[in-house]
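*Asks:* Just need the whole structure built from these sequences, with the hints factored in.
Heads up: the sequence lines are chains A and B, in that order.
Taking UniProt numbering, the leading residue of the first sequence gets 1, the next gets one more, and so forth.
Taking UniProt numbering, the leading residue of the second sequence gets 1, the next gets one more, and so forth.
Worth flagging that the hints you see were computed from the coordinates, not collected in a lab.
Bear in mind the structure is a predicted one, so any value in this text is a computation, not a measurement.
Ideal Cβ positions, reconstructed from N, Cα and C, are used throughout, including at glycine.
Be a bit skeptical, because a hint or two may be false.
As the list claims (entries may be wrong) - Computed from the model, here is a short list of chain A residues facing chain B with C-beta under 7 Å:
#  : residue
1  : Arg53
2  : Gly60
3  : Ser89
4  : His95
5  : Gly96
6  : Ser98
7  : Val99
8  : Phe100
9  : Leu101
10 : Asp120
11 : Lys121
12 : Gln122
13 : Glu221
14 : Pro239
15 : Gln282
16 : Val314
Stated by the list, open to error - Label pairs and their calculated CB-CB ranges:
#  : chain 1 : residue 1 : chain 2 : residue 2 : range
17 : B       : Arg112    : A       : Glu213    : 48 to 58 Å
18 : B       : Gly209    : A       : Gly51     : 55 to 65 Å
19 : A       : Thr233    : B       : Pro108    : 56 to 66 Å
20 : A       : Glu213    : B       : Gly261    : 29 to 39 Å
21 : B       : Ser316    : A       : Ala286    : 41 to 51 Å
22 : A       : Ser21     : B       : Glu48     : 36 to 46 Å
23 : A       : Gly261    : B       : Arg234    : 26 to 36 Å
24 : B       : Ala195    : A       : Glu38     : 50 to 60 Å
25 : A       : Ala315    : B       : Ala329    : 43 to 53 Å
26 : A       : Thr158    : B       : Val327    : 19 to 29 Å
27 : A       : Thr233    : B       : Leu262    : 18 to 28 Å
28 : A       : Glu213    : B       : Gly51     : 52 to 62 Å
As the list claims (entries may be wrong) - Negatives, chain B to chain A, calculated, CB over 10 Å:
#  : residue
29 : Ala15
30 : Lys44
31 : Gly78
32 : Val99
33 : Pro108
34 : Glu116
35 : Ala117
36 : Pro145
37 : Phe194
38 : Met215
39 : Gly220
40 : His229
Number of protein chains: 2
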Amino acid sequence: MTTSHGRRATIRDVALAAGVSISTASNALNGQGRTNAETRDRVKHIAEKIGFRPNALARGLLSRRSHSIGMITNDTYGRLTLPMTAGVSEALVDHGVSVFLCATNNDPRLARLHLEALLDKQVDGIIFTATRLDLAPQVDLSRLPIPVVYAFAEGPDTSVSFVPDDHQGARLAVEHLLSLGHRRILHITGPEDFAAVRRRAAAYRASLGGEGEVMFGPWGEDWGHEAVHRILTRPEPRPDAIFCGSDETARGVIDALRDHGLSVPSDIAVVGFDNWHVVAAQTRPALTTIDMGLKELGRRAGLAMLDLTQGKPVASGINYIACELVVRASCGTDLAGQSLMSS
Amino acid sequence: MTTSHGRRATIRDVALAAGVSISTASNALNGQGRTNAETRDRVKHIAEKIGFRPNALARGLLSRRSHSIGMITNDTYGRLTLPMTAGVSEALVDHGVSVFLCATNNDPRLARLHLEALLDKQVDGIIFTATRLDLAPQVDLSRLPIPVVYAFAEGPDTSVSFVPDDHQGARLAVEHLLSLGHRRILHITGPEDFAAVRRRAAAYRASLGGEGEVMFGPWGEDWGHEAVHRILTRPEPRPDAIFCGSDETARGVIDALRDHGLSVPSDIAVVGFDNWHVVAAQTRPALTTIDMGLKELGRRAGLAMLDLTQGKPVASGINYIACELVVRASCGTDLAGQSLMSS
DNA sequence: GTGAAAGCGCTAACAT
DNA sequence: ATGTTAGCGCTTTCAC
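*Replies:* Shown next as structure tokens:
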């Protein structure tokens with residue numbers, strides 16, 4: 001991949017070895033057809049032999065395209081960012097585009113520093129990513145001379161954004177429960193000030209024809225325990241299924257139900273949201289849940305960025321990426337026939 | 001940050017506006033002192049006013065330093081990679097160095113593609129990262145013309161590597177248990193073919209003066225349940241504490257103990273390993289565990305890379321980064337006085 | 001079909 | 001102290 005003698009081979013070396021001029025070598029390699037076939041083959045062969053690879057910096061200087069983009073995230077934890085980054089990379093690596101990852105840790109100073117470094121490096125575009133949909137960047141991305149795409153974040157109306165389709169995902173969950181014969185479905189979820197939480201709750205209600213009960217609370221397993229405790233110590237009829245706004249909450253719910261001697265899914269079925277493997281797969285029983293397709297979301301964002309950098313038109317607005325239902329054991333796969341089926 | 005008229009301001013624009021030559025402008029900005037103070041101030045002021053920022057591509061072409069490095073990881077999940085990347089970035093961003101993140105997904109083709117793109121972009125160095133210490137890169141990094149640093153991976157002897165100090169971490173855990181008065185400490189851990197597992201087990205045995213019992217098994221919570229079942233259904237005296245090789249295993253252990261009517265930490269104390277927040281903080285009781293300091297590990301790797309790219313000597317070999325004990329509730333904080341203290 | 005020359009934006013000799 | 005010149009590695013007119 002490199003010449004044995006330190007410095008990489010340049011096009012000059014190729015030209016020299018082939019006995020042609022630099023420009024002919026360039027023509028031959030980039031195959032503009034304006035070269036003699038014999039010469040072209042010879043040059044190409046020599047280039048390969050001495051391991052010539054064009055210097056992307058030099059190319060970028062001339063073409064004004066660095067073939068690199070920046071990704072700015074406030075997530076230090078990685079659960080959301082890495083799958084998305086992998087998706088972005090996957091879409092771009094075949095086009096020779098690499099991704100700078102910048103973790104701002106929610107620090108405006110860091111965000112500014114990273115942004116400046118990216119602009120200095122002439123990135124072709126920037127993808128902004130957050131840990132929650134309604135979190136704004138800590139720097140102004142609206143007046144940049146390069147395209148900006150929002151992934152798992154909602155940019156201004158004129159920009160291009162990709163977010164999970166929380167509405168469809170929640171509907172998927174509820175309809176799955178309905179199809180299994182459950183009718184008294186409860187929704188235990190996160191804090192109402194999260195956009196995603198409100199959307200999932202709205203979709204849940206809509207799927208139930210406007211009925212249903214939503215319990216908002218903090219994220220985390222504790223809230224699952226607490227919520228279960230509340231519903232089991234009150235007089236009303238018990239739910240026969242619970243749709244949770246996150247896998248962590250669902251895990252708390254399932255553990256609490258077991259503590260109370262109720263069995264999942266036969267007494268109460270549970271569906272989660274996130275498909276966060278370490279939680280969903282380890283819950284007993286393993287969690288039926290909604291996968292947000294983060295890698296696919298990243299891939300889509302990457303493809304959009306590719307189009308933008310190539311000057312192709314991309315429709316502005318928010319793109320909702322479909323969620324998927326992942327069926328595990330916490331929610332019986334049998335259709336109907338449940339004892340608590342009557343509403 | 002940018003001129004209003006599309007293209008970024010170049011040093012030419014600065015020179016023009018200041019009425020000096022390009023090289024004088026360059027001198028003034030890079031303050032080699034070889035400029036008249038008045039001119040320098042004027043140039044600097046104008047540069048700031050029109051928002052001039054040097055083109056890093058052009059600079060890199062000349063200086064042969066791109067001020068960017070590549071990070072190659074096989075982790076799609078992010079639990080290890082993102083904290084480390086954040087640490088690397090943190091160490092480098094102040095020096096204007098940005099980080100390309102390349103997720104290979106364990107695919108050699110992807111790894112090769114990414115590596116080529118990085119080399120083409122003239123990265124100043126490459127940091128290789130893996131999800132387990134003894135995992136080798138899918139591409140040959142040994143004959144690269146640029147420095148390579150291994151983070152959470154062990155490179156060849158001649159290279160620079162940073163790994164968690166599993167030995168010290170495990171000792172920390174066991175000594176903590178000993179200091180609380182526990183004597184019959186059991187070790188339930190992962191598969192023996194993991195280097196980290198063997199090290200933790202060895203340190204555990206050493207801390208116990210060569211005594212102790214190690215139960216190897218698959219990662220995951222199930223193994224925790226299974227292992228607890230085994231020790232509770234056999235005749236020998238019960239352990240009064242369990243040191244687990246991962247937080248997930250520890251969670252399984254704690255849940256299983258509770259199922260068997262044993263209480264943590266009063267009957268049996270438990271310590272985990274990883275400080276993986278979603279697991280450790282949600283366990284009931286919350287998990288006392290070992291934090292591997294991944295961000296610090298990344299920071300150290302970043303600093304080493306910085307030195308290497310500046311031609312400073314860096315000692316080759318493996319650097320062990322100290323782990324930290326994080327005390328939560330699964331392991332009483334009281335000293336001695338435990339009922340089971342007698343060995 | 002091929003090569004000489006200009007230039008991307010910048011820095012660093014070397015003159016002046 | 002400042003300006004002129006050359007050149008980093010590459011692509012691209014434009015002569016020949």
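*Asks:* Now look at each hint and say whether the structure bears it out.
*Replies:* Comparing the hints with the structure gives:
Interface hint status for arginine 53/A: upheld, as the beta-carbon distance to the closest one in chain B is roughly 5 Å, under 7 Å. With its C-beta approaching chain B no nearer than about 5 Å, glycine 60/A sits inside the 7 Å limit, and its interface hint holds. Interface hint status for serine 89/A: upheld, as the beta-carbon distance to the closest one in chain B is roughly 6 Å, under 7 Å. Interface restraint check: histidine 95/A against chain B, minimum CB-CB distance 10 Å, threshold 7 Å, status violated.
Using the Cβ-Cβ criterion of 7 Å, the hint placing glycine 96/A at the interface with chain B is satisfied: the shortest such distance is roughly 6 Å. With a cut of 7 Å, the hint placing serine 98/A at the interface with chain B holds, because the nearest CB-to-CB distance is about 5 Å. For valine 99/A, the interface hint holds, since its Cβ comes within 7 Å of a Cβ in chain B; the closest pair sits about 6 Å apart. Given hint, phenylalanine 100/A at the interface with chain B, holds; its Cβ is 5 Å from that chain's nearest Cβ, closer than 7 Å.
With its C-beta approaching chain B no nearer than about 4 Å, leucine 101/A sits inside the 7 Å limit, and its interface hint holds. Taking 7 Å as the C-beta cut-off, the interface hint given for aspartate 120/A holds, the closest approach to chain B being about 4 Å. The criterion of a C-beta within 7 Å of any C-beta in chain B is met by lysine 121/A, whose closest approach is roughly 5 Å, and the hint holds. This hint holds: glutamine 122/A has a C-beta 5 Å from the nearest C-beta of chain B, less than the 7 Å allowed.
Interface restraint check for glutamate 221/A: the shortest CB-CB distance to chain B comes to about 4 Å, inside 7 Å, so the restraint holds. The closest approach between the C-beta of proline 239/A and any C-beta of chain B is roughly 23 Å, which is over the 7 Å cut-off, so the hint fails. Interface restraint check for glutamine 282/A: the shortest CB-CB distance to chain B comes to about 4 Å, inside 7 Å, so the restraint holds. At a threshold of 7 Å, the smallest CB-CB gap from valine 314/A to chain B is about 19 Å, leaving the interface hint violated.
Distance hint for arginine 112/B and glutamate 213/A: a CB-CB separation of about 54 Å, consistent with the stated range 48 to 58 Å. For the hinted restraint 55 to 65 Å between glycine 209/B and glycine 51/A, the CB-CB distance of approximately 57 Å keeps it satisfied. For threonine 233/A paired with proline 108/B, a C-beta distance near 57 Å keeps the hint of 56 to 66 Å intact. Between glutamate 213/A and glycine 261/B, the C-beta spacing of about 35 Å keeps the proposed range 29 to 39 Å intact.
Taken as a hint, the range 41 to 51 Å holds for the pair serine 316/B and alanine 286/A, whose Cβ atoms sit roughly 45 Å apart. Range check, serine 21/A to glutamate 48/B: Cβ separation about 43 Å, and the 36 to 46 Å hint holds. Checked against the hint of 26 to 36 Å, the pair glycine 261/A and arginine 234/B passes, with Cβ atoms roughly 28 Å apart. Evaluation of the 50 to 60 Å hint for alanine 195/B and glutamate 38/A yields a pass: the beta carbon distance comes to about 55 Å.
Judged by the Cβ atoms, the range 43 to 53 Å given for alanine 315/A and alanine 329/B holds: they are separated by roughly 52 Å. The hinted range of 19 to 29 Å is not satisfied by threonine 158/A and valine 327/B, whose Cβ atoms lie roughly 50 Å apart. Judged by the Cβ atoms, the range 18 to 28 Å given for threonine 233/A and leucine 262/B holds: they are separated by roughly 27 Å. Restraint check, glutamate 213/A to glycine 51/B: a C-beta distance of roughly 55 Å satisfies the suggested window 52 to 62 Å.
The claim that alanine 15/B lies off the interface holds: its Cβ sits roughly 19 Å from the closest Cβ of chain A, which is beyond the 10 Å cut-off. Distance check for lysine 44/B against chain A: the nearest CB is about 17 Å away, which clears 10 Å, and the non-interface claim stands. Interface exclusion of glycine 78/B from chain A breaks down, the closest Cβ pair being 3 Å apart, not more than 10 Å. In this structure valine 99/B is not separated from chain A by more than 10 Å, as the shortest Cβ-Cβ distance comes to only about 6 Å.
With a minimum CB-CB distance of about 13 Å to chain A, proline 108/B clears the 10 Å threshold, and the non-interface call stands. Distance to chain A contradicts glutamate 116/B as a non-interface residue, since its nearest Cβ pair spans about 7 Å, not more than 10 Å. A beta-carbon of chain A comes within 10 Å of the beta-carbon of alanine 117/B; the shortest separation is about 5 Å. Here proline 145/B does not stay apart from chain A, with its beta-carbon only about 5 Å from theirs, under the 10 Å limit.
For phenylalanine 194/B, the requirement that its beta carbon stay farther than 10 Å from each beta carbon of chain A is met, with the minimum near 17 Å. With 10 Å as the threshold on Cβ separation, the claim that methionine 215/B sits away from chain A holds: the shortest Cβ distance comes to roughly 19 Å. Its closest Cβ contact with chain A, about 7 Å, brings glycine 220/B to no more than 10 Å, contrary to its assignment away from the interface. Every CB of chain A lies more than 10 Å from the CB of histidine 229/B, the least distance being 13 Å, so the non-interface label holds.
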